[in-house]
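Produce the complete structure using the sequences and hints provided.
Note that the protein sequences, when read in sequence, are chains A and B.
Going by the numbering used here, the first residue of the first sequence is number 1, and it counts up by one from there.
Going by the numbering used here, the first residue of the second sequence is number 241, and it counts up by one from there.
No lab work stands behind these hints: they were computed from the structure.
Check before you lean on any hint, since a few could be wrong.
Said to hold, decoys possible - Below, in silico cross-link-like pairs of lysine to any residue (SDA-like), each with a Cα-Cα straight-line distance of 25 Å or less:
#1 A:Lys40 / B:Leu361
#2 A:Lys40 / B:Val345
#3 A:Lys40 / A:His178
#4 A:Lys121 / B:Val277
#5 B:Lys272 / A:Arg116
#6 A:Lys40 / B:Ser331
As the list claims (entries may be wrong) - Computed list of chain B residues with no C-beta within reach of chain A, every gap over 10 Å:
#7 Met299
#8 Leu300
#9 Ala324
#10 Pro337
It should be emphasised that the depicted structure is a prediction, and the values quoted were computed from it without experimental measurement.
By construction, the Cβ of each residue, glycine as well, lies at the ideal position given by its N, Cα and C atoms.
Spelled out, the chains give:
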Amino acid sequence: MAETSLGHVDHTAPRPPGLRGFIADWSSDQRAFKGVSWGKAMMWIFLLSDTFIFGCFLLSYMTARMSTVVPWPNPSEVFALHLFGQNIPLILIAIMTFVLISSSGTMAMAVNFGYRRDRRKTAVLMLLTALLGATFVGMQAFEWTKLISEGVRPWENPWGAAQFGSTFFMITGFHGTHVTIGVIFLLIVARKVWRGDYETGERGFFTSRRGQYESVEIMGLYWHFVDLVWVFIFAFFYLW
Amino acid sequence: MAQAEAQDHGLHGHAAPAPAMAHAEGQQHPIKLYLVVWGWLFILSACSYAVDYFALQGMLRWSLILIFMMLKAGLIVAVFMHMAWERLALSYAIIVPPLVILVFVAIMVIESRYTEITRVLSFGAG
Numbered sequence: 001m002a003e004t005s006l007g008h009v010d011h012t013a014p015r016p017p018g019l020r021g022f023i024a025d026w027s028s029d030q031r032a033f034k035g036v037s038w039g040k041a042m043m044w045i046f047l048l049s050d051t052f053i054f055g056c057f058l059l060s061y062m063t064a065r066m067s068t069v070v071p072w073p074n075p076s077e078v079f080a081l082h083l084f085g086q087n088i089p090l091i092l093i094a095i096m097t098f099v100l101i102s103s104s105g106t107m108a109m110a111v112n113f114g115y116r117r118d119r120r121k122t123a124v125l126m127l128l129t130a131l132l133g134a135t136f137v138g139m140q141a142f143e144w145t146k147l148i149s150e151g152v153r154p155w156e157n158p159w160g161a162a163q164f165g166s167t168f169f170m171i172t173g174f175h176g177t178h179v180t181i182g183v184i185f186l187l188i189v190a191r192k193v194w195r196g197d198y199e200t201g202e203r204g205f206f207t208s209r210r211g212q213y214e215s216v217e218i219m220g221l222y223w224h225f226v227d228l229v230w231v232f233i234f235a236f237f238y239l240w
Numbered sequence: 241m242a243q244a245e246a247q248d249h250g251l252h253g254h255a256a257p258a259p260a261m262a263h264a265e266g267q268q269h270p271i272k273l274y275l276v277v278w279g280w281l282f283i284l285s286a287c288s289y290a291v292d293y294f295a296l297q298g299m300l301r302w303s304l305i306l307i308f309m310m311l312k313a314g315l316i317v318a319v320f321m322h323m324a325w326e327r328l329a330l331s332y333a334i335i336v337p338p339l340v341i342l343v344f345v346a347i348m349v350i351e352s353r354y355t356e357i358t359r360v361l362s363f364g365a366g
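Have a look at this one:
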């Protein structure tokens, strides 16, 4: 008993700012992430592990591109679209970037309205986020179709190094899967918000725990991470 | 159990919320902040695209790409993901480990240079 109350006192104790507070948190018994719910901490740790997955993908891409003696296809030309009578470099990818950033913006506002208990706006903004995410996946499907019809395969392509196809399909495919999963979860959480599950304390069908509006923020963390990964893919794969 | 619950869900019943305890009511920031960050992300993305559109090359291209990338990533993590308002204990746990990837990058740069040299020496210049 004494231990729990000690832990509780510890938990609420004010911390000195800066590095000393960080050390105090980490050297305290049992709980390092004070004031952070387990759901949020676990989502962050999952995202950290996902960072390493995408990090390894981009690293393998870097290794393949640096070590090949065959010239690498120029992404600026490969991903150009013929619009309005001229070739515009990388235009589809640019539009996809803006779509994903917009979905991040609507998600951030959904989190904000969730904490203000504005159910309607939260749900609408989340649905808008899901719609933008689905648009992104749709454009990616278009991009894949275009490249496949031009002869890009994981083992060959008409323009240069064969690894171009394998890294492209692996990296964008994995990212697209993340976006798709995100859209599905956005729809699930948006439905819960719309029904008012987080206000009536309805238990979830999977975990049987009562949800709260923090679920919207945790969902948002995942969604922003998907956008974050795209920032790196855009820079390293499409622009480099 | 109840205590654990209270611990899990923030800090109920504490009158003076210290900065580190901004969680009590969840993250509350004006909508304007998100719109401003959104605008900046648009501007930075447009800048990245301009790098490609105007076909800048060499060091200028690479450094601009990396600068715009880091600025965008920083804005998303700090503001959209609320990392700027989290306790340092969490921020460091999440932000420091990915930096180790840079070591991995260095190792693989050496490795791929070696592979390339081997390929050139064994199979000719392509």
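Could you tell me which of the hints above the structure violates, numbers in ascending order? 1, 2, 10
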